[in-house]
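This note's numbering numbers the first residue of the sequence shown as 1 and each following residue consecutively.
Source of the hints: derived by calculation from the structure; they are not laboratory data.
Among the hints, erroneous ones may be present.
With a Cα cut of at most 30 Å, we get these calculated DSSO-like pairs of lysine-lysine [what the hints assert, rightly or not]:
| hint | residue 1 | residue 2 |
| --- | --- | --- |
| 1 | K803 | K972 |
| 2 | K288 | K391 |
| 3 | K301 | K291 |
| 4 | K635 | K719 |
| 5 | K610 | K677 |
| 6 | K509 | K723 |
| 7 | K610 | K303 |
The following label-pair restraints were derived from C-beta to C-beta distances [unchecked claim]:
| hint | residue 1 | residue 2 | range |
| --- | --- | --- | --- |
| 8 | S290 | G348 | 29 to 37 Å |
| 9 | N480 | E511 | 33 to 41 Å |
| 10 | K762 | A648 | 39 to 47 Å |
| 11 | S949 | S1120 | 48 to 56 Å |
| 12 | E384 | R315 | 13 to 21 Å |
| 13 | Y990 | A648 | 43 to 51 Å |
| 14 | K947 | D870 | 14 to 22 Å |
| 15 | E904 | N571 | 52 to 60 Å |
| 16 | D784 | E680 | 33 to 41 Å |
Virtual Cβ for every residue (Gly too), placed ideally from N, Cα, C.
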Amino acid sequence: MTTLSVNRIISTYSHDEYRSINIDENDINIILVCFDPANEFHDDIEYLNKRLNQINNPLVFHSELEFCITFIQSIDKETVFVITFDSFASQILSHINNLHQVDCVFIYSSNKSQYEHLLFEYSKIIGIYDKFDLLSSSIEEQIDFIENKFHKWTFFDQDEYLTKDLTKQSSNFLWLQLFHNVILHLSRDEKSKKQMIEACRFYYRENFKELPLIDEFEQKYQSNEAIRWYLKSSFLRKIINRALRMEDTDLLYKLRYFLADLIENLSREHQQIVQSDTTNLILYRIMKLSKTELNKLIDNKHKLISIKEFLTANRSRLSALTLTALSEKQNDLITVLFQIECNLQEIGDYVYFVDITQFNESLHQEDILFDLNTTFRLENIQEEEHIWIIKMTAVNDGQIIIQKYIDDNHRQIEDLTISIIFGQLICDMSQWNQSQIYFQHLLKDSYEENLAQIEHYIGQTHHWKGEWIEARKYYESALNRIIEDELNSIKYSTFVLSDIGEILYLQGKYEEAYDFHQRALTIRKKYYSSDHVSIALCLENIGLIQHQRLKFDEAFIFFQQALIIREKYYNFPHVDIATNLWNIGYTLMGQEKFNEAFDYHQRAMSIYDKYYPSGHVYIADTLNNISIILNQQMKYDEALINVQRAWALQKTFYPFGHIDIVISLNNLGDIKFAQEKYDEALDLYQQHLSIQMKYYSSDHISIVYTLNRIGLVFRNGKKNYDKALEFHRQAFSILETYYPSYYGHIAHSFIFIGHNLNEQGKYHEAFDSFKQALAIQEDYYLSDNIDIANSLNSIGSVLYQLKEYDQAFKYHEKALTIQQKYYKSNNINIAYTLNWMGIIRYVEAKYNEAFDFSHRAEEICKKYSTCFQDFLAHVFSNIGNILFKQENYDEAFEYYQQALDIRENYYPSTYRNIVHTLNDMGNVRKSQEKYDEAIEFYQRSLQIYQKYSSSHHLDIANKLMDIGNIKFKQRKYNQAIDYYQQSVALLNEYYPNNHIKIADGLEWIASCLNQAENNDDSAKYLEPCLRIKEASLSPENLAIAKTLSAFSIVQESRHEYELSLAYELKCFLMHEKILPPDHQNIGKSLCNIGGNYEHLKQPKLALNYYKQALVVYEQCLPASNEGRLQLESDIQRLLEG
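Whenever a hint applies, use it, and build me the whole structure from the sequences.
Rendered as structure tokens:
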């Protein structure tokens, strides 16, 4: 792994900005920051530079406090030491004392006593110095202490490793063990010696303390003196230990010349201990650990442990304890004594350690040096007399495990050398740059290695990094080498063919990919049995192609076949099994079986978590898919957490700009879309599309998905249907041109376009689009495919809009038949279809059937706990509507209340749905003549509308009119008039062309005035009302007749009988023309005309009209009807008079 690298010293004295830091390839753990606003160090800069170059850590100068703090806060992985002058100490200390990046502070002062109080105020100050020698020595001492403090442990859980397949492990323990073996197989010659010397000189450039030692090493070093040189030369120990701790394979490869000698020297010298009478040794090593490190050791008790360094120890416990005298400032460190038991009879020749007293030129040093790959078992950890004792036993398990790891790799690929296996391990650890550099070294320096395999693995590193074109070049070169050596390499060619297929798959060239996977499968079937694990890879890759073809059933079969092979082969959970489970879950998502998909992803995650405790891109992929499932289940907060975790992991492992990182962007956009945060969703989708257009070719199918998503935002969120259609048609054009045989995707495009046309009210065009989709699907899939059911439902929905209810119901019924066969009985999609069927029966006034369908939908929804609450509220509302029509008002109210509770508790931002429910509840109370309660609900909905008044003036006007109507029923006419007038005023201001609504408001005001016997004013309102209706409506619209009748009544109340008669005659003529002859309204008009003739003292005419009215009433009203009885009485009265 790499960390921030900077040149040895960067000076900055600008008061405006600090200069940019130059990067080199050195791996730096500690950065020295010098805060020097007044250039106090200027005169001594050369001396300070010289001394600190010997420490070999970068020095960064800052003269501006703000820039200095910003720089320190920007540091991610490194530890910061701060150096400053006495007069500026208090200025910076308050800002940095609590920064986690800052470990130590050093103060230079010519007057120490004046500033010693700071030592007690700020815990991170190491000391105050009046000489540069003391300052530099203290810094160097502290750097050594910090670097030696953090030992890099590697652990391994040894349980069942002899029976468990170890391939695809990404363990630092395996890395260390295998590196030890590999280093002995790499070339050691003058070329490798020269590489090492150049690497050391570059690493210690300008370090005048170490550079002469490197020159001496170049001139005098002999291979049999490796131990002595390692012990006496700090430049060797420092560069080796740092490279090991950082797992810097590149640098370690360049140091192979010396490292191999050192390991061989240790092996040779160890024989002296073996040949002595010693059978058992107890050795000691003292260390200072942080609490975190100690806890990590405690957590791994009884496991195997190796340390990434050549560990030293003492024979004497007392000698070990004397080495704790380092005067570090930190008092939060814990003293730990390692007690190491070495039983030579048990460990045999697998563990090497030597007595180094004969080589050690320094006094008071350790006297035992262990080989790099030494493995211990953590036996016990306990505290004794204020010191922690950690008991370990040297064991030979490390070599047994690494041999098992090599054998397991050979079981899959027979002729891999351990040098290549090591590079593959680095790649499995997600260190793709390190793996690439390592294989390039092998390619350059190799004389015996299989060059085709090396090129293949270099291609894999590019593959992982998303550099597909480079990867393909190396794969093709490897394949060409294999073709030249066909007899010896034909089996290995299948791995290259598969990888080329995977590259083509990523590039969206699925049919070409399919051909490569088929070629690989054909060869493997020739050389391997049908249940060999390599066959599983081919089946899995073909399954992925079927998934992209939307042939999910076929994909599922391939994945299941692969899983059966792998579970039999590995016997234990393995990464390949996890990937297989992931792919099955992925296909189940395509089949909309989200609960099952979730279970498979959870099974995959449990394996990945065990294999990759520090994270991996596979975990990110799994989190992303889980977020999609949770989003589908409307668990938006959980979905968001998962996608954010995935994004963080991807940014950790992938290089900047890797295409997989933007998958998280897309999923985040889907969550925002589901939450109806359309602007945020659109922004994320557009970012995704922009990156895709740079990364993919313009015809990639992933671009189709994003275009359709953007189209959905414009359709659902922006209501910009033309723009939405533009994006959907772009997507369709790509499919039609570049994926003409991908009929499932083409059908989806017709569905998208159809829904857009449906929203535009272009129902016939939408119907045609849905029918095209259905025809394609019925030809492409088996008859029970779930996509066919979805298209049937889409057709049903548009037929509903066309009021072809019987046909709509039949399509939904067909969809339901497929769904009930395809899904489990409680699948939410079944509930959606049942709900549609209930709606259709509702509008057909078949309320019992409607209730049955809606109730079945309700029962399914309730099984999903807190999922799909929005839809459940919708179902509750529909059931409430049905019960309302059946006049079951109390039950209807209960269902509306349940809908309201869900919407207010779970979806408070979807205020429109809340308002609709409040209105429904108000309507129930109105029908029950509980007018005060009805008004309360209407008032609540009115308040919500008024909160969002900018887009709801018409709704506010309507609701004011509804409240006015209730006030009218309560005979509170003045209050009713007030509400009606408010409504009419809003309509005149914001909807002046909505003439009929205005006319209705005027008519209601007139009715109130009439009831209050204010007939003159009533007539004044009816006049404009009638004008509006006659100008706006067709002459045959009965709303005009209604107003004419109202005008007649008002004029009659004003005793203007001739006017009243004129209006009623016009009303009668309209009724006679439009209504059937036995309609009650015709009888009513005739009766009113007769009444006016009575007022005008023309009884014969009155009697004539009364008799005509009675003929009508006798046909439409029962004999007991009050109006009919009154009419008969009036006729009798006139006949008798």
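Going through the hints against the structure:
1. K803 with K972: 40 Å, violated
2. K288 with K391: 16 Å, holds
3. K301 with K291: 15 Å, holds
4. K635 with K719: OK: K635 and K719 at ~25 Å, within 30 Å.
5. K610 with K677: At roughly 37 Å apart (the allowed maximum being 30 Å), K677 and K610 break the hint.
6. K509 with K723: Roughly 29 Å between the alpha carbons, so the hint for K509 and K723 holds.
7. K610 with K303: 15 Å, holds
8. S290 with G348: 29 to 37 Å: 35 Å, holds
9. N480 with E511: 33 to 41 Å: Since N480 and E511 have Cβ atoms about 23 Å apart, the given range 33 to 41 Å is violated.
10. K762 with A648: 39 to 47 Å: Holds - the Cβ-Cβ distance for K762 and A648, about 45 Å, lies within 39 to 47 Å.
11. S949 with S1120: 48 to 56 Å: 51 Å, holds
12. E384 with R315: 13 to 21 Å: 20 Å, holds
13. Y990 with A648: 43 to 51 Å: 49 Å, holds
14. K947 with D870: 14 to 22 Å: 21 Å, holds
15. E904 with N571: 52 to 60 Å: 54 Å, holds
16. D784 with E680: 33 to 41 Å: The hint (33 to 41 Å, Cβ to Cβ) holds, given that D784 and E680 are roughly 39 Å apart.
In terms of the numbered hints stated before, the structure departs from hints 1, 5, 9, listed from lowest to highest.
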